[in-house]
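A.B. asks: Single-letter residue listing:
Number of protein chains: 2
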Amino acid sequence: MARRSITKAAVTKAGTHVTAEDVARTLGVSQSTISRAFSMTASISDEMKLKVIKAANKLGYQPNVIARSLITRRTNMVAIVMANLVDPFYPVVLDELVQQVQSRGFQTLLFVPSPGQDVDDIMPNLLQYQVDAIVLTSATISSAMARICAARDTPVVSFNRYVPGLQIHAVSSDNIAGARQVADFLVATGHERPAFISGERDATTNRDRRNGFVSRLKQLKMNSCIQEEGGDFSYEAGYAATKRLLRRAGHPDALFFACDVMAIGGIDAARELGISVPEDISIVGYDDVPMAALPSYSLTTIRQPIREMAKAAVDVLDLAEPRGMKSGPTTRMIPGSLITRSSTMNRRAPVRVGKASRR
Amino acid sequence: MARRSITKAAVTKAGTHVTAEDVARTLGVSQSTISRAFSMTASISDEMKLKVIKAANKLGYQPNVIARSLITRRTNMVAIVMANLVDPFYPVVLDELVQQVQSRGFQTLLFVPSPGQDVDDIMPNLLQYQVDAIVLTSATISSAMARICAARDTPVVSFNRYVPGLQIHAVSSDNIAGARQVADFLVATGHERPAFISGERDATTNRDRRNGFVSRLKQLKMNSCIQEEGGDFSYEAGYAATKRLLRRAGHPDALFFACDVMAIGGIDAARELGISVPEDISIVGYDDVPMAALPSYSLTTIRQPIREMAKAAVDVLDLAEPRGMKSGPTTRMIPGSLITRSSTMNRRAPVRVGKASRR
DNA sequence: GACTAAATTGCATGCGTATGCAGACCATCC
DNA sequence: GGATGGTCTGCATACGCATGCAATTTAGTC
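One line per chain: the protein sequences are S and L, in this order.
Each residue of the first sequence is one higher than the last, beginning at 0 in numbering that gives the first Met the number 0.
Each residue of the second sequence is one higher than the last, beginning at 0 in numbering that gives the first Met the number 0.
Hints should not be assumed to be uniformly reliable.
Copies of the same chain look alike in the list, so a pair counts if it fits in one copy or across any two.
Here are the computed lysine to any residue pairs in the SDA-like style, where the Cα-Cα straight-line distance is at most 25 Å [unchecked claim]:
no.: 1; residue 1: Lys-53; residue 2: Arg-146
no.: 2; residue 1: Lys-53; residue 2: Asp-152
no.: 3; residue 1: Lys-242; residue 2: Arg-340
no.: 4; residue 1: Lys-217; residue 2: Ser-31
no.: 5; residue 1: Lys-57; residue 2: Gln-116
no.: 6; residue 1: Lys-310; residue 2: Val-186
no.: 7; residue 1: Lys-310; residue 2: Ala-143
For the record, the hints were derived by calculation from the structure and aren't laboratory data.
On a predicted model such as this, the values are computed, not experimentally measured, just so you know.
Taking the hints into account, I'd like the entire structure generated from these sequences.
C.D. replies: Quick look at the structure:
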């Protein structure tokens, strides 16, 4: 007893790793039977199934999904790539996506590219994990990588961004339509010198919002839309761009920002310059992040229907379908809705009211 | 040719699932060699290694980490359980945790309990994935579950919350010390009627912050600390509690909230009541969420050193150690620091300044 | 050139599970 | 009673890779 021999029993005891084999042995049945007890489809008598479940609970047996994956070629894992967790828009997105994934019995493998790391760089790493599907948020992959995924029958959906030529799914809100709503709204409420402050220049979200806004203004016979480059979608970018813009002569009377966080930076910048919102200038964002509803900002914005978008994104992955039976690339655009708050005001009405009150 | 026979080649071609076996065949070597080419430790000639890597790239071969896990008994996955993604504190936490996990060559399996779901409910599900370690944020597990994890040699660390008797690791900021700093600061700046607004009543974070605050006030001979129950850590709770509190007679001159989000709700509530911050009342939060730095709130608060905490949390998991060689449960408390902004003011100095300016 | 030691490679096996196939068992019917 | 059909279970194998051991090659030495 002094010298310890490493027997199988000892190892099992130490590792406390209960396998189907162990359960089978205590019950005097085959391992197959244990497997079938935990399968939905396999044929097994209710009586036996119950016996197995009971024994499994007693021994603390849980099927090893890793081993299962090897055979079934499905890991029940969905990779979610989040390029950005800091912008308050994305935690909400992540939350909804994860809920959708989990509600379908899948789990989330989360990837956050380190600063300076491209999505293409982490894709190989990600594919090694044999995930059943991939969700990219605010990021795109190369067409070469898209082809690799297609060859592996691993569906990819791009959330909130799309690349026209790319053979992957895309779900996004209808940014063009949203931006048009903003244009309509600002014109209807008597604004005459609107400006657009862009975020990340080449992002489709940015381009669509700008183009939708500018082109709709033109349709409404308002040809001059000031444009200012923010550089990225951050608070700081919105703040800095607003300062630059408002220090120049010929103030706009309305600012439409590429996203809410920028707009909030814009509000703070305007206030610092002693320009009051909305009396002197109206401010509109895009996304409807939780912060936009706070009384201190009360930002008029376009609400992105995140829950619906997340549902659409996960739906399009066809998680229930076996490999090779997936549908072709789909693009879904989901319309947003204008949420009017007090960062904007009607510049027609106040004139009449003002006159009336002064008489 | 009309009838297609399902040969192995055909299947391989269709599935495009390249295995080590495939690479071995094209090179005329054994599968073991391929395996060794992708291992750090195994012995293989540089020449052969190069040949294998080249062939692997050409065929698009990537080792299947799932299959590897079956042998090595390590999945290189860390489960992170996030009970809350909405509070702006947690996206930052998640970001830092994921960075830490990834920088060690591990991946993150993210679990978000659905509303009404307990952490204990999802643990079995989580353990099935054979994760190498578990990080719980703002959540605790039962001692029974802790024992199961211990038996499996799966280290668990509780982030930002701890349960004294539980045999799991814990990393949190030193909430008692932080709250004491707030007490010291408020007294030093001449506040005389401080109040504490609590969040989730039984959370250790809440209890420690309240107790640290109240006990320190007593030490400083300030025996009356008003207390108000928020109920949870939300904006709404902070807002509602503040309204209740400030409508009653005998205003406090300083409010210390259990967390920043509540404090921000408190600021908005005070402003709505026409009570100005900080002139009429000082407001202090806890966490230093990004929002606290915005000019519209500019919240005095205790900064939690999230990066350091995340590093400590992942360090304590001993990811590099093989199973069975893990260290015993550790509790680490990391001190925070007071960040003074303009939601508080010195109630001693202004008197003098006021008199001076009026002379 | 022969021998030893070291480096490299192949062979065989196992990780824990799912599943096709065949056998065992039971009930039903003519 | 034998044949038929159906249900359930066990056997054997495979998933893709890592690794101990044996076989082989290479280098090094006298």
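A.B. asks: Can you give the numbers of the hints that this structure goes against, from lowest to highest?
C.D. replies: 4, 6 and 7
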